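> Sequence:
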Amino acid sequence: MAFLRLVTDPIVSKVSELLVEPTLRQIKYVFNYSDNIRNLEEEVGKLTDKKQRVEHAVEEAVRRNPVEVEADVQRWLTKVNNVIEDAGKILLRHEDKAKKRCFMGLCPNLIRRHQISRKASKALPIVVGAREEGNFDRVCYRIPPQGIGAVKGFEAFESRKLAADEIMNALKDADVNLIGVCGMGGVGKTTLVKQIAAQAKEKGIVKLVVMATVTQKPNLKNVQQQIADWLGYKFDVDSVDVRAARLSERIKREEEILIILDDIWAAIKLEEVGIPYGPDHKGSKNLLAILQYP
1 MAFLRLVTDP
11 IVSKVSELLV
21 EPTLRQIKYV
31 FNYSDNIRNL
41 EEEVGKLTDK
51 KQRVEHAVEE
61 AVRRNPVEVE
71 ADVQRWLTKV
81 NNVIEDAGKI
91 LLRHEDKAKK
101 RCFMGLCPNL
111 IRRHQISRKA
121 SKALPIVVGA
131 REEGNFDRVC
141 YRIPPQGIGA
151 VKGFEAFESR
161 KLAADEIMNA
171 LKDADVNLIG
181 VCGMGGVGKT
191 TLVKQIAAQA
201 KEKGIVKLVV
211 MATVTQKPNL
221 KNVQQQIADW
231 LGYKFDVDSV
241 DVRAARLSER
251 IKREEEILII
261 LDDIWAAIKL
271 EEVGIPYGPD
281 HKGSKNLLAI
291 LQYP
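In the UniProt record's numbering, the protein residues as written are 1 to 294.
These are calculated hints, taken from the structure and not from any lab test. Certain hints may be false.
Claimed, not checked - List time: in silico DSBU-like cross-link candidates among lysine-lysine, alpha-carbon distance up to 30 Å: (1) Lys119 x Lys201; (2) Lys89 x Lys119; (3) Lys79 x Lys51; (4) Lys119 x Lys161; (5) Lys217 x Lys203; (6) Lys89 x Lys51; (7) Lys161 x Lys207; (8) Lys221 x Lys207; (9) Lys119 x Lys79; (10) Lys172 x Lys161; (11) Lys119 x Lys50; (12) Lys221 x Lys161; (13) Lys234 x Lys217; (14) Lys252 x Lys234; (15) Lys207 x Lys269; (16) Lys201 x Lys161; (17) Lys122 x Lys89; (18) Lys28 x Lys119; (19) Lys89 x Lys172; (20) Lys252 x Lys203; (21) Lys28 x Lys89; (22) Lys217 x Lys252; (23) Lys79 x Lys89; (24) Lys28 x Lys122.
None of these values were measured; they are calculated from a predicted model.
Using the sequences provided together with the hints, build the complete structure.
Quick look at the structure:
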């Protein structure tokens, strides 16, 4: 008998482990029903708040600049929508259960209570994990401005070629940051500077080219806006001076930029527009197409 007991004890222990523990775990789902539902509701609320913060950050970035949403942020938002939807279905079943009245004193429905509690318990770590994945250093990245392209149908006459070579050499000179191209109206200054700008970008002399037309009656706000449009920057103020300061800071973020001001009839102060030059920003080159009277 002693031998039999020694043999059967491990068997009984194993059977107990296989049968009792899973049974207790299932019973806990029933007794922990309220806690599981409450915890899931709280975590879904936290995840919803995190989702809204990320969406607000994306909306703000898109409003101010042309940007693309980071791929991992897009995937996270899609995942979160699915997680919240799945958890919402569980909580909805809980609400439906709470609305049902007891029948002949047989309340609550333990099987339904067990099912909902079990699903809530399993959904909880998924919701928590999704929230923890939403800690992004940044949600968007800026779309690089394309700048000015080559001019179609441009013919390099000898006189233009000489002028173009001089301007190109000036652009290559690190000590030169302000270049003026003078000539009467209609001689092709605009076409020339556009072609030079395209070549300078193609050869890697500059990384970005932007252009603004000044006109006979310059409007500083309009000139600022033209440059900002090339850079994908949006102003949120009306003050010319404040816009100039912010535009200058934005331009300084570009390492090698060529800014073309076309159709200049009279002297214009670059600092009033918001264009840094000289020691203020050595990465900036300014090419001025100036109208010259006969």
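> All the hints need checking, so say for each whether the structure fits it.
Tested hints:
1. Lys119 x Lys201: violated, 60 Å
2. Lys89 x Lys119: The hint holds at about 10 Å.
3. Lys79 x Lys51: holds, 10 Å
4. Lys119 x Lys161: Distance ~76 Å between Lys119 and Lys161 Cα, so the pair is violated.
5. Lys217 x Lys203: violated, 35 Å
6. Lys89 x Lys51: holds, 18 Å
7. Lys161 x Lys207: Holds, because 23 Å separates the two Cα atoms, which is no more than 30 Å.
8. Lys221 x Lys207: holds, 25 Å
9. Lys119 x Lys79: Measuring from Cα to Cα gives roughly 18 Å; hence the hint holds.
10. Lys172 x Lys161: Satisfied, since the Cα-Cα distance of roughly 16 Å is no more than 30 Å.
11. Lys119 x Lys50: holds, 23 Å
12. Lys221 x Lys161: violated, 35 Å
13. Lys234 x Lys217: holds, 24 Å
14. Lys252 x Lys234: holds, 16 Å
15. Lys207 x Lys269: At roughly 24 Å apart (the allowed maximum being 30 Å), Lys269 and Lys207 satisfy the hint.
16. Lys201 x Lys161: holds, 17 Å
17. Lys122 x Lys89: OK: Lys122 and Lys89 at ~13 Å, within 30 Å.
18. Lys28 x Lys119: holds, 13 Å
19. Lys89 x Lys172: violated, 65 Å
20. Lys252 x Lys203: Satisfied, since the Cα-Cα distance of roughly 21 Å is no more than 30 Å.
21. Lys28 x Lys89: OK: Lys28 and Lys89 at ~22 Å, within 30 Å.
22. Lys217 x Lys252: Holds, because 27 Å separates the two Cα atoms, which is no more than 30 Å.
23. Lys79 x Lys89: holds, 16 Å
24. Lys28 x Lys122: Satisfied, since the Cα-Cα distance of roughly 13 Å is no more than 30 Å.
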